[in-house]
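Taken in sequence, the protein lines are chains A and B.
Position 118, counted from 1, in the first sequence is what the numbering used here calls 118; the numbers after and before it change by one each time, with no gaps.
Start counting at 1 in the second sequence, then tack on 1000, and there's your number in the numbering used here.
These are computed hints drawn from the structure, not numbers from a lab.
Treat the hints with care, since some could be wrong.
[Said to hold, decoys possible] In silico negatives: residues of chain B with every beta carbon more than 12 angstroms from chain A: (1) Lys1161; (2) Pro1251; (3) Ala1350; (4) Gly1354; (5) Ala1377; (6) Gly1454.
[Claimed, not checked] Cβ-to-Cβ under 7 angstroms is the rule here; a few derived chain A residues that face chain B: (7) Pro31; (8) Gly36; (9) Ala37; (10) Val85; (11) Gly94; (12) Ile159; (13) Asn256; (14) Gln266.
[As the list claims (entries may be wrong)] SDA-like, lysine to any residue: derived pairs with alpha carbons at most 25 angstroms apart: (15) B/Lys1119 to A/Gly32; (16) B/Lys1400 to A/Val62; (17) B/Lys1134 to A/Asp41; (18) B/Lys1292 to B/Asp1446; (19) B/Lys1285 to A/Gly36; (20) B/Lys1119 to A/Leu68; (21) B/Lys1128 to B/Thr1160; (22) B/Lys1210 to B/Glu1511; (23) B/Lys1188 to B/Leu1118; (24) B/Lys1243 to A/Ala148; (25) B/Lys1119 to A/Asp33; (26) B/Lys1140 to A/Arg51.
Here the structure is a predicted model, which means the values were calculated and not measured.
Heads up, the beta-carbon is just placed ideally off N, CA and C, and yes, glycines get one too.
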Amino acid sequence: MLTYVARRLAELLFVLAVVLILAFAAGRLMPGDPIGAMLSDRAGDAALEQRLRAQYGLDAPVLEQFLLYIRGVARGEFGFSYRFVGVPVVEVLGDSLRISPLLALSALLIAAPLGVAAGALAALRHNRWTDTSVMAVMIAGISVPNFASAAFLVYLLAIRLSALPVAGWGTLRQAVLPVIVLALQPTAYIARLARTFMLEVLAQDYIRTARAKGMRERIVILRHALPNILVPLLTTIGIIFGTLLTGTFVVETVFNIPGLGRQAIQAIFARDYPVTIAVVLLFSFFYAGINLIVDLLYGVIDPRIRLEARR
Amino acid sequence: MGQLSAKLVVAALALMWTGASAEAKSLRLNITADPSQMDPITESELIAGDIIRNMYEDLAGIDKDGKVIPVLATEWQASDGGKTWRFKLRRGVKFHTGRELKAADVKRSFEALLTPALKPGASQVYLKDVVGAKEMLDGKATELAGVTVVDDATVDITFTKPDVLFPIYPVRIFDTDVLTHGADWFLKESGGTGPFQFVGWKRGSEVRLKSFPGYWDGAPKIDEVVFVVVPNIETSLSLYETKELDLVEVPPSATRAVLHDTRYDGQMLQVPAAQINYLGMNQTKYEPFKDKRVREAISLAIDREGYVKGLKGGAGLPLYGSITPGIAGYAPVPKIPYDPERARQLLAEAGYPGGKGLPPIDIQATPVEKDDLAYFADQFKKVLGIDVSVKVVERATHIKQMNAGEVAFFPWGWTADYPDALYFLSQLWDSRSPYNRVRWKNVDYDKLIDRAQGEPNAEARYKIYAEAEKIILDDFGMAPLYVRMQLWLKRPNVKNVYLTPFRNLPFAKVEVE
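Construct all of the structure, not just a fragment, from the sequences and the given hints.
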């Protein structure tokens, strides 16, 4: 088990190294540069441009800049933002480092149990009106895009009824709408999968056996059926969490939340290389980290899956 | 004891729910992104300028009608044909740090702006002709030789060549002692003389300023100004609707919707921006543009009124010259008529009847202007029979190409940094300016600009402007298009917000009822 984790962590480091190189290269290959973005329409002043470029060390050869950057990262320093003069990258990211994961996690904590329950319920009432109506709602949930449901809910709950704030971040009340909007699609998605998996499981011999033994239906469902749909669902939930983390951008925009997605966009537009690379690294770290956790959880949920270091 | 702490918790919760600053009189307005800077040295962009203007002041400023008024200087006088300026400073002006403004502070502020290690931004260029500026920028001097402190309230500034507009350049004067408080001093305090002082910047959320009780023109009547970071205009409008914003800047993309929404009647502020928009025709890049008749035909083929009304949703004014209204030195110029008939005739005279024989041409700009590009391509096809292809390019690349004189045909704008027409005339069409993106060249014009730059008498100078403007207009060196209308929404209970061609004045006199 320990060797397995160590091996996976080494892989993670390798992935991050590759991502770092790609992110660095992608930044430099994009048209435009930080000084151009900074000067915007004044970029015609060649002397000023030259001076600024030297100040930011952007006049050195790209390879030299890269080595300098790597050396910093190795020491745990991500350098200074280009856009916010004199402010370290870590400080630029600041609160958004907490906000986006918090949003994603809250949404998942609502979506996962709700989705599983709705899906299981639909499967148990297969082809009856409960099934049809639950699935109709879920399909609507998948089909309506974030920005539309957000606009609708803001209009209804915030502007018309004044029950919740329109936007912002910092209080619990401000978090309600964004979390709901963010949870809608994953809930629907998880419910559909849970229903399919549940229908499959319910058709298995051991369920028939359990019922034949005269077990109460509740026990059959909770103890025999439900645990068996969790393994395939876990993989999906892992992926969904990754998507939630990186996909909070729309919600962050509509509800004006200073999260990572917004930071990323602003940094990219300003060609703020250090911040851009840091955000890309973070996103990769989240994604890879979640996958690792999901793989480890398999062993917990399903004792048959053993995690051994492969040769 | 338990009861007390329970009460405290309830009180704290209530505070959280209602917002702690319910008592404070504040002005809340939107900014579309975090400012890139918060200190007067590195200041380079619009949003930073909007905030910094409320904390830091210049020697001169403008009033609500756009007229130049004394601010930190009470009077100024040129001598030596505009090569030396003497400023008398206002007495009793206090910095946020508590110290009083003295003539030596002017010198030190200038020196800070010329110290490369401090990463000076855009306003540095206004000091480049001060004697000794070059030596400082090259790191050969640490003191600015061209600034002499005569006494506590008098300072002389000498230039390597006449600079008659120097007093109105946007250069902040501040207490340079703050620089000794660490590299990130601007995240903790402000060292200006303005009506508001720095409180805090929650990146991604807001920038908060509080009123400066020691302000020389009287303490502001509101307690604080909060610049709320809201990138999305729909969100801004919702926040305005629920009274969480008092003032909202409406971007061009939303002006049409707001202008036609009756809910906002009586709550709109509209003032033309100090920005000209023109259609550039680069004669070095497209042979037919060398023929004045072709350039004139293009200009006559533009229906400026229809363009503003249709494409700009009415949020603008047709432009026929090179100077925007409300700027010192502006004088009305004759209208350029929309005359398809005459345009076709001119094109035929130039040897291209119905556009035949013209080599293919691209009209180029950034994604923001793609509708404009499509409009022009269609208009020139319809009226003149010219095949124009639309080319959309990433912004920084487009600007770079224009600066290098590589773009033949483009609509673009130019915003003035200080309230004088010479800004437009000298930067855009002088053949020696790096921003002469149309590469139009006229020796007489350049000579007039030189003369204007050395003419301290304003009225005499404005006459020179008119003469110069006539040269480029008569030659159809470019086609003027329109002046953008700035649009802001202001809640009825907010008084004394003054929108000028240079955005809002500092909020020193604002009242919130």
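Here is how each hint holds up against the structure:
1. Lys1161: Given a closest Cβ separation of 16 angstroms, the condition holds.
2. Pro1251: Holds: least Cβ distance 14 angstroms, greater than 12 angstroms.
3. Ala1350: holds, 31 angstroms
4. Gly1354: Non-interface label on B/Gly1354 holds, nearest chain A Cβ at 37 angstroms vs cutoff 12 angstroms.
5. Ala1377: Holds, because the least Cβ-Cβ distance between B/Ala1377 and chain A comes to about 23 angstroms, which exceeds 12 angstroms.
6. Gly1454: holds, 22 angstroms
7. Pro31: holds, 5 angstroms
8. Gly36: Hint holds; A/Gly36 Cβ to chain B Cβ min 4 angstroms, cut 7 angstroms.
9. Ala37: holds, 6 angstroms
10. Val85: Check passed: Cβ of A/Val85 comes within 4 angstroms of chain B, closer than 7 angstroms.
11. Gly94: Holds. Min distance 6 angstroms.
12. Ile159: holds, 6 angstroms
13. Asn256: holds, 5 angstroms
14. Gln266: holds, 6 angstroms
15. B/Lys1119 to A/Gly32: With a Cα-Cα distance of about 20 angstroms, the restraint between B/Lys1119 and A/Gly32 holds, given a limit of 25 angstroms.
16. B/Lys1400 to A/Val62: holds, 20 angstroms
17. B/Lys1134 to A/Asp41: Given pair B/Lys1134, A/Asp41 holds - Cα atoms ~23 angstroms apart, limit 25 angstroms.
18. B/Lys1292 to B/Asp1446: Given that 25 angstroms is the threshold and the Cα spacing comes to 19 angstroms, the pair holds.
19. B/Lys1285 to A/Gly36: holds, 23 angstroms
20. B/Lys1119 to A/Leu68: Measuring from Cα to Cα gives roughly 20 angstroms; hence the hint holds.
21. B/Lys1128 to B/Thr1160: Holds: B/Lys1128 and B/Thr1160 sit about 9 angstroms apart, inside 25 angstroms.
22. B/Lys1210 to B/Glu1511: holds, 14 angstroms
23. B/Lys1188 to B/Leu1118: Holds. B/Lys1188 to B/Leu1118 sits at ~17 angstroms (cutoff 25 angstroms).
24. B/Lys1243 to A/Ala148: Since the Cα atoms of B/Lys1243 and A/Ala148 sit roughly 23 angstroms apart, the hinted pair holds (cutoff 25 angstroms).
25. B/Lys1119 to A/Asp33: Answer holds: B/Lys1119 to A/Asp33 is near 17 angstroms, not above 25 angstroms.
26. B/Lys1140 to A/Arg51: With a Cα-Cα distance of about 15 angstroms, the restraint between B/Lys1140 and A/Arg51 holds, given a limit of 25 angstroms.
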